[in-house]
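Participant: Below, each chain spelled out in residue letters.
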Amino acid sequence: MSKHECIRVSEMLSSYIDGELSELECKKLEEHVRSCYVCAKFLDSVKFTVELSSKLEICELYQLPKEVSKKLREYLKTQCKCNDSCDRDDT
Amino acid sequence: MIDNKNQTDEELVALAQKSDYTAFEELVGRYEGKIYGHVVRLLGNREDAEDALQETFLNAFRSLNNFRGESSFSTWIYRISTNNALMKIRKRKKEEGNFDEELPPPNMLPLEGGHGFLKNPGDAFIEKELLEKLDKTIKKLPEKYRTIFLLRDVEEFSTLRTAEILGISEALVKTRLHRARIFLKDALSRSIDKDVLKAYE
Numbered sequence: 001m002s003k004h005e006c007i008r009v010s011e012m013l014s015s016y017i018d019g020e021l022s023e024l025e026c027k028k029l030e031e032h033v034r035s036c037y038v039c040a041k042f043l044d045s046v047k048f049t050v051e052l053s054s055k056l057e058i059c060e061l062y063q064l065p066k067e068v069s070k071k072l073r074e075y076l077k078t079q080c081k082c083n084d085s086c087d088r089d090d091t
Numbered sequence: 001m002i003d004n005k006n007q008t009d010e011e012l013v014a015l016a017q018k019s020d021y022t023a024f025e026e027l028v029g030r031y032e033g034k035i036y037g038h039v040v041r042l043l044g045n046r047e048d049a050e051d052a053l054q055e056t057f058l059n060a061f062r063s064l065n066n067f068r069g070e071s072s073f074s075t076w077i078y079r080i081s082t083n084n085a086l087m088k089i090r091k092r093k094k095e096e097g098n099f100d101e102e103l104p105p106p107n108m109l110p111l112e113g114g115h116g117f118l119k120n121p122g123d124a125f126i127e128k129e130l131l132e133k134l135d136k137t138i139k140k141l142p143e144k145y146r147t148i149f150l151l152r153d154v155e156e157f158s159t160l161r162t163a164e165i166l167g168i169s170e171a172l173v174k175t176r177l178h179r180a181r182i183f184l185k186d187a188l189s190r191s192i193d194k195d196v197l198k199a200y201e
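Chains as they are written, first to last, in the working numbering: chain A, 1 to 91; chain B, 1 to 201.
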């Protein structure tokens, strides 16, 4: 397996995972990965990183605390309601 | 009385533009959680995120009449919140004199650096540890990579929507996203390697 081919494939992995490659490019990449153990594992590793990342969206650390939501509503009420329309940017 | 909950974002914006405050409040309710998560991840702390959240919705309210529906409300509110958070980050960097904006060059060959491979551990505890490691490493990403990575892989916006939110080309989104993923993958691999070595000690 040529080094050059492995480098080319590694650069295309994200686009492959995201379904952004053409049919021909996909086919070439898959052919290479089938016969190159290292690139196959590399692809799995990047895929795993992407899958893991999507789980951060629902991570507890980033949930909106109730008191922050309450403060936001109160802040907006005082800032928006009393100044409604006169404070709007109509440009 | 119309139930705001059944209306689309665009219908609510149209009502809010006619000074219907309850329609605006419904939009706040739909997006406050998402926007809060987004700005906490971008800014790395809750205090700044709380400010950014308030400023985002106030700016949105004040600019409602400029919203012409060329993009979705979701793209528009994410753009406002991202810009707001980035302004805070840049201000902070200026004060700290920190201008490190580049990632180290990526390993061009999969095995360079000797890092192990990653796969689903099939164990909730290990996965939680990896998530924590990932979360910490994301904070080390320079801002221009972090923003794209968070929008694409955490919020799961498309390349096009991410480009629209940030006002950059799709090609740039793709290049930076790939660099960010490889950086994070390498960091996760290294942490697994260390754990494996520890287990044999």
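Worth flagging that the hints you see were computed from the coordinates, not collected in a lab. Mixed in with the good hints, there may be bad ones.
Unchecked claim - PhoX-like mimics (lysine-lysine), calculated; alpha carbons at most 20 angstroms apart, straight line: (1) B:K34 x A:K55; (2) B:K5 x B:K18; (3) B:K91 x A:K70; (4) B:K136 x A:K55; (5) B:K144 x B:K93; (6) B:K88 x B:K140; (7) A:K55 x B:K133; (8) A:K77 x B:K18; (9) B:K34 x A:K66; (10) A:K71 x B:K93; (11) B:K18 x A:K55; (12) A:K55 x B:K119; (13) B:K139 x B:K93; (14) B:K88 x A:K55; (15) A:K28 x A:K3; (16) A:K55 x B:K140; (17) A:K81 x B:K18; (18) A:K47 x B:K128; (19) A:K47 x B:K133; (20) B:K34 x B:K18; (21) A:K55 x A:K71.
Unchecked claim - Looking from chain A toward chain B, a few residues come up when the C-beta cut is under 10 angstroms (computed): (22) S14; (23) K28; (24) E30; (25) S35; (26) K41; (27) F42; (28) I58.
Just so it is clear, CB atoms sit at the ideal spot from N, CA and C, and this is done for glycine as well.
Participant: Now, for every hint given, state plainly whether the structure supports it.
Facilitator: We went through each hint and held it up to the structure:
Our distance criterion of 20 angstroms between C-alpha atoms is met by K34 of chain B and K55 of chain A, whose separation comes to about 14 angstroms. Simply put, K5 of chain B and K18 of chain B have alpha-carbon atoms about 18 angstroms apart, close enough for the 20 angstroms limit, and the pair holds. Between the alpha carbons of K91 of chain B and K70 of chain A the distance comes to roughly 28 angstroms, so the proposed pair goes past 20 angstroms and is violated. Proximity of K136 of chain B to K55 of chain A is assessed by CA-CA distance (about 14 angstroms); at most 20 angstroms being required, the pair is judged to hold.
Among the hinted pairs, K144 of chain B with K93 of chain B is consistent with the structure: their alpha-carbon atoms are about 13 angstroms apart, no more than 20 angstroms. A distance of roughly 17 angstroms separates the Cα atoms of K88 of chain B and K140 of chain B; the hinted pair therefore holds under the 20 angstroms criterion. In summary, the hint linking K55 of chain A to K133 of chain B is supported, as the alpha carbons are separated by about 13 angstroms, within the 20 angstroms threshold. As the CA atoms of K77 of chain A and K18 of chain B are separated by approximately 17 angstroms, the hinted pair is consistent with the 20 angstroms bound.
Distance check on the hinted pair: K34 of chain B and K66 of chain A sit about 14 angstroms apart at the alpha-carbon level, within 20 angstroms; holds. For the suggested pair K71 of chain A and K93 of chain B, the alpha carbons sit about 28 angstroms apart, so the restraint of at most 20 angstroms is broken. Taking the CA atoms of K18 of chain B and K55 of chain A, the gap is about 39 angstroms. The hint is violated against a cut of 20 angstroms. Between K55 of chain A and K119 of chain B, the direct Cα distance comes to roughly 15 angstroms. Compliance with the 20 angstroms bound is thereby established for this hinted pair.
Simply put, K139 of chain B and K93 of chain B have alpha-carbon atoms about 14 angstroms apart, close enough for the 20 angstroms limit, and the pair holds. Taken as a hint, the K88 of chain B and K55 of chain A pair is broken in the structure, with Cα atoms around 26 angstroms apart against an allowance of 20 angstroms. A threshold of 20 angstroms between alpha carbons decides the hint, and for K28 of chain A with K3 of chain A the separation of about 16 angstroms falls inside it, so the pair holds. Proposed proximity of K55 of chain A and K140 of chain B is supported: the alpha carbons are some 19 angstroms apart, at most 20 angstroms.
For the given pair, K81 of chain A sits about 13 angstroms from K18 of chain B by alpha-carbon distance, which is consistent with the 20 angstroms threshold. Distance check on the hinted pair: K47 of chain A and K128 of chain B sit about 17 angstroms apart at the alpha-carbon level, within 20 angstroms; holds. Between K47 of chain A and K133 of chain B the CA atoms are separated by roughly 17 angstroms; this keeps the pair inside 20 angstroms, and the hint holds. Taken as a hint, the K34 of chain B and K18 of chain B pair is broken in the structure, with Cα atoms around 25 angstroms apart against an allowance of 20 angstroms.
Restraint check for K55 of chain A and K71 of chain A: the C-alpha separation of about 27 angstroms exceeds 20 angstroms, so the hint is violated. Using the Cβ-Cβ criterion of 10 angstroms, the hint placing S14 of chain A at the interface with chain B is satisfied: the shortest such distance is roughly 4 angstroms. Because the beta carbon of K28 of chain A sits about 17 angstroms from the nearest beta carbon in chain B, more than 10 angstroms, this interface hint is broken. Hint status for E30 of chain A relative to chain B: violated, with the closest Cβ pair at about 16 angstroms, above 10 angstroms.
The interface hint given for S35 of chain A is violated, since its Cβ lies 14 angstroms from the closest Cβ of chain B, which is over the 10 angstroms cut-off. The interface hint given for K41 of chain A holds, since its Cβ lies 4 angstroms from the closest Cβ of chain B, which is under the 10 angstroms cut-off. A cut of 10 angstroms between beta carbons decides the hint on F42 of chain A: the least distance to chain B is about 4 angstroms, and the hint holds. Taking 10 angstroms as the C-beta contact cut-off toward chain B, the hint placing I58 of chain A at the interface holds, the least distance being around 9 angstroms.
The earlier numbered hints that this structure contradicts are 3, 10, 11, 14, 20, 21, 23, 24 and 25.
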